[in-house]
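Protein chains: 2
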Amino acid sequence: MAINAPIKREFSALASSMKPSAIRLLLKVANQPDIISFGGGLPNPESFPIDDIRRIFDEQISRNGKKMLQYGATEGLDTLNVALSKMLRDREGIKSEPSDIIQTTGSQEALYIIGKIMANPGEYVITEAPTYVGTISALRGSGIRMIGVEMDRYGMKMDALRETLKKYPNPKFIYVIPNFQNPTGITMSIERRKELIEIANERGIMIVEDNPYGALRFSGPQIPNLRSMDGNVVYLGTFSKVLSPGLRLGYVVSPPDIRDKINIAKQALDLASSTVSEYIAEGYITGGYMDKQIPKIIELYKQKRDLMIECFQNYFPKDVEYTRPNGGMFLWVTRKGADTDKMFDEAVKQKVLYVVGSAFYPDEDNHESMRLNFTYSSNENIVEGVKRLGKLFEITAK
Amino acid sequence: MAINAPIKREFSALASSMKPSAIRLLLKVANQPDIISFGGGLPNPESFPIDDIRRIFDEQISRNGKKMLQYGATEGLDTLNVALSKMLRDREGIKSEPSDIIQTTGSQEALYIIGKIMANPGEYVITEAPTYVGTISALRGSGIRMIGVEMDRYGMKMDALRETLKKYPNPKFIYVIPNFQNPTGITMSIERRKELIEIANERGIMIVEDNPYGALRFSGPQIPNLRSMDGNVVYLGTFSKVLSPGLRLGYVVSPPDIRDKINIAKQALDLASSTVSEYIAEGYITGGYMDKQIPKIIELYKQKRDLMIECFQNYFPKDVEYTRPNGGMFLWVTRKGADTDKMFDEAVKQKVLYVVGSAFYPDEDNHESMRLNFTYSSNENIVEGVKRLGKLFEITAK
Chain A
112 MAINAPIKRE FSALASSMKP SAIRLLLKVA NQPDIISFGG GLPNPESFPI
162 DDIRRIFDEQ ISRNGKKMLQ YGATEGLDTL NVALSKMLRD REGIKSEPSD
212 IIQTTGSQEA LYIIGKIMAN PGEYVITEAP TYVGTISALR GSGIRMIGVE
262 MDRYGMKMDA LRETLKKYPN PKFIYVIPNF QNPTGITMSI ERRKELIEIA
312 NERGIMIVED NPYGALRFSG PQIPNLRSMD GNVVYLGTFS KVLSPGLRLG
362 YVVSPPDIRD KINIAKQALD LASSTVSEYI AEGYITGGYM DKQIPKIIEL
412 YKQKRDLMIE CFQNYFPKDV EYTRPNGGMF LWVTRKGADT DKMFDEAVKQ
462 KVLYVVGSAF YPDEDNHESM RLNFTYSSNE NIVEGVKRLG KLFEITAK
Chain B
112 MAINAPIKRE FSALASSMKP SAIRLLLKVA NQPDIISFGG GLPNPESFPI
162 DDIRRIFDEQ ISRNGKKMLQ YGATEGLDTL NVALSKMLRD REGIKSEPSD
212 IIQTTGSQEA LYIIGKIMAN PGEYVITEAP TYVGTISALR GSGIRMIGVE
262 MDRYGMKMDA LRETLKKYPN PKFIYVIPNF QNPTGITMSI ERRKELIEIA
312 NERGIMIVED NPYGALRFSG PQIPNLRSMD GNVVYLGTFS KVLSPGLRLG
362 YVVSPPDIRD KINIAKQALD LASSTVSEYI AEGYITGGYM DKQIPKIIEL
412 YKQKRDLMIE CFQNYFPKDV EYTRPNGGMF LWVTRKGADT DKMFDEAVKQ
462 KVLYVVGSAF YPDEDNHESM RLNFTYSSNE NIVEGVKRLG KLFEITAK
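From first to last, the protein sequence lines are chains A and B. Mind the numbering: the first sequence is residues 112 to 509 in my numbering, read in order. Mind the numbering: the second sequence is residues 112 to 509 in my numbering, read in order.
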């Protein structure tokens with residue numbers, strides 16, 4: 112046999128331009144002892160209904176073991192899609208047929224597939240600025256450009272959107288997270304939602320609504336989802352925040368032509384999602400476990416949000432600003448003139464982690480903010496971690 | 112609010128060229144009553160270790176519930192990769208570090224990602240002809256061309272490969288399924304394996320070895336895997352055929368630069384695979400369940416292979432040829448001058464299903480063969496189904 116010669120490895124253009132996610136890199140540092148991490152968007156493990164899942168798994172494998180362990184349909188388990196269709200109507204006011212729904216390997220896969228099927232490399236979509244870092248990596252993974260539109264406390268600014276559409280009149284879609292947005296925690300007002308739908312419909316632009324946190328409302332009145340107001344909206348949901356992210360189960364509700372393209376694209380990507388996960392999720396909804404669990408999660412997280420904001424008041428310099436979300440998992444902290452990228456090394460030394468704000472801007476051109484997760488840490492660590500951040504702000508102000 | 116205007120939906124070029132998988136379409140017909148399907152590549156549900164999985168799940172969620180339900184690392188559960196690294200050495204003679212391994216959402220995701228990171232749209236790879244239909248859809252999903260190289264009973268023909276490389280000298284990689292190939296069931300001889308590695312190394316071409324069926328050898332001596340002969344080979348394995356496809360769990364063993372690109376690409380696709388599935392797989396290996404289960408699967412499948420071949424001898428016209436695989440899940444049936452695409456409607460009428468041979472050729476230019484799965488059907492259905500196929504051959508010969 113010949114001596115091994117050097118193997119040519121010219122990566123594709125897409126692969127060459129890929130960058131590791133800021134959050135994934137962070138997770139590695141987060142495992143060091145004594146580190147307090149407000150970085151990852153992790154649910155609190157106390158929110159996992161471990162005993163319920165054990166019971167559900169046991170029931171499902173006893174009753175449906177042979178189907179549960181077999182290949183499933185690309186669109187997902189039919190009884191799960193039936194249960195979800197009902198749940199979406201009851202909880203979210205969304206009218207959909209089970210056949211409008213496709214299960215995906217987490218919402219991340221839905222984001223990736225929607226970008227891939229809708230846009231060619233170099234084409235663009237419109238997002239909030241800042242927006243979810245996972246969406247940035249999913250779309251960038253297909254060479255898609257993102258044009259960010261400024262937000263205020265009511266969500267994406269509609270005058271800014273109109274201006275953006277003058278310069279960029281043909282986006283492949285507008286992507287928004289209307290409830291407790293990642294990273295800001297901001298909820299889009301009902302007026303903005305109506306105006307967004309109006310603008311999109313006038314121009315025939317598709318809206319993609321990502322709603323991972325909608326069920327986690329701690330305070331304030333529920334605001335209708337875009338999809339409940341307009342059947343053309345492509346709607347993304349997930350079990351990651353109301354059951355378990357370890358299942359890797361999200362779903363898309365979409366019009367038939369989009370659904371068919373998602374289905375074919377998913378066949379090529381991973382054939383189908385986990386039927387094991389799908390049977391667990393189905394048992395979770397139909398057994399009434401979800402309706403019992405969500406109030407518990409809300410109670411846990413509300414208290415943590417309140418605690419973290421209280422700590423901001425106690426330990427942050429007065430010129431540090433922050434959002435006051437009515438739900439979700441994140442607080443957005445901003446200090447005019449700060450550079451949170453430059454502060455990060457010092458934060459690691461102080462053994463407290465956040466995600467740099469720049470990671471949430473497609474052009475990484477904003478450095479004054481940081482995203483803090485309030486759901487994962489113990490109360491003790493929230494207090495200690497915010498103290499450390501307060502010290503960090505003081506040091507870096509010098 | 113404005114009346115909904117028609118939403119512009121111009122799909123991307125890749126989405127417009129996508130076609131639904133022949134097998135996925137077939138699965139829908141397969142659910143009709145009285146249909147005997149040799150179509151899908153489904154494990155027999157009797158091969159699923161249901162009681163073992165119930166026990167493993169219960170143990171893992173009791174011991175590791177909070178981690179099992181949480182987001183996991185993109186590369187997969189560390190203890191699973193440690194267990195796999197050892198298993199690959201013991202069972203397959205493959206030397207690898209745990210850090211060389213990445214878990215994927217089934218092998219399908221690995222195939223998709225490797226195509227995406229290695230080749231730009233329009234670039235080409237070399238495969239066996241015929242080759243796995245899922246590989247065709249995964250690579251086509253990134254706009255990659257496939258150049259097929261003819262096989263005989265010893266696998267890909269090396270003289271044909273040398274000829275192909277004259278015309279197509281810069282493939283991004285050579286993709287092969289050396290053991291019990293899908294769709295033919297053919298195993299590549301040791302001489303061919305050595306020659307393939309020699310040819311690839313002379314030219315610096317990467318080899319991708321897909322080994323979903325390697326553990327399912329019923330007869331004949333084990334032949335070393337390409338990856339055990341050459342550390343540059345990218346190796347794909349899966350739990351779908353030795354545990355459960357419902358877990359959606361496969362893995363890639365690759366050199367560090369490839370592994371890093373796979374990792375980053377996977378972050379954008381689905382963040383990570385299911386930690387629930389990973390804990391089940393880890394318990395399955397480390398608890399010794401896998402070593403107990405594989406001989407049972409082999410016993411079940413060997414008997415079904417023997418039965419199906421016996422039925423061919425009894426019920427097929429003498430001019431029908433077929434492979435005699437030493438393992439795996441498939442038999443490849445060929446009749447000179449037949450057109451299995453045209454025969455398919457009549458097969459549905461006769462209530463027996465196969466996959467048309469053309470689905471396994473990138474150019475769909477071969478119509479004389481069909482793929483039959485022997486693992487899924489009951490013994491009774493194998494006999495009755497082959498009788499129906501025999502009748503079909505007689506009808507269509509007229």
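Hints are computed from structural coordinates only; laboratory data are not their basis. A hint or two may mislead.
Pairs count within a copy or across copies, as identical chains cannot be separated in the list.
Unchecked claim - Listed below are the simulated BS3-like cross-link pairs for lysine-lysine, each with C-alpha atoms no more than 25 Å apart in a straight line:
id, residue 1, residue 2
1, K413, K403
2, K119, K407
3, K407, K178
4, K462, K178
5, K429, K502
6, K277, K197
7, K429, K119
8, K177, K413
All values reported here derive from a predicted model rather than from experimental measurement.
So, going through the hints one by one against the coordinates:
For a Cα distance limit of 25 Å, the shortest separation of K413 from K403 inside one copy, 16 Å, qualifies, whereas the shortest one across copies, 49 Å, does not. Proximity of K119 and K407 under a CA criterion of 25 Å is satisfied in neither setting, with 54 Å inside one chain copy and 42 Å between copies. Taking CA atoms no more than 25 Å apart as the test, K407 paired with K178 passes between copies only; the shortest distance there is 20 Å, against 32 Å inside one copy. Taking identical chains as interchangeable, the C-alpha atoms of K462 and K178 lie at most 25 Å apart only when they sit on different chains, with a minimum of 22 Å there against 47 Å within one chain.
For a Cα distance limit of 25 Å, the shortest separation of K429 from K502 inside one copy, 13 Å, qualifies, whereas the shortest one across copies, 85 Å, does not. Neither within a single protomer nor between protomers do K277 and K197 lie at most 25 Å apart by alpha-carbon distance, with minima of 40 Å and 59 Å respectively. Taking the shortest Cα distances, K429 and K119 never come within 25 Å of each other, neither inside one copy (57 Å) nor across copies (48 Å). Taking the shortest alpha-carbon separations for K177 and K413, only the inter-copy value of 21 Å comes in at or below 25 Å, while the best intra-copy value is 41 Å.
The structure fails hints 2, 6 and 7 (numbered hints given earlier, in ascending order).
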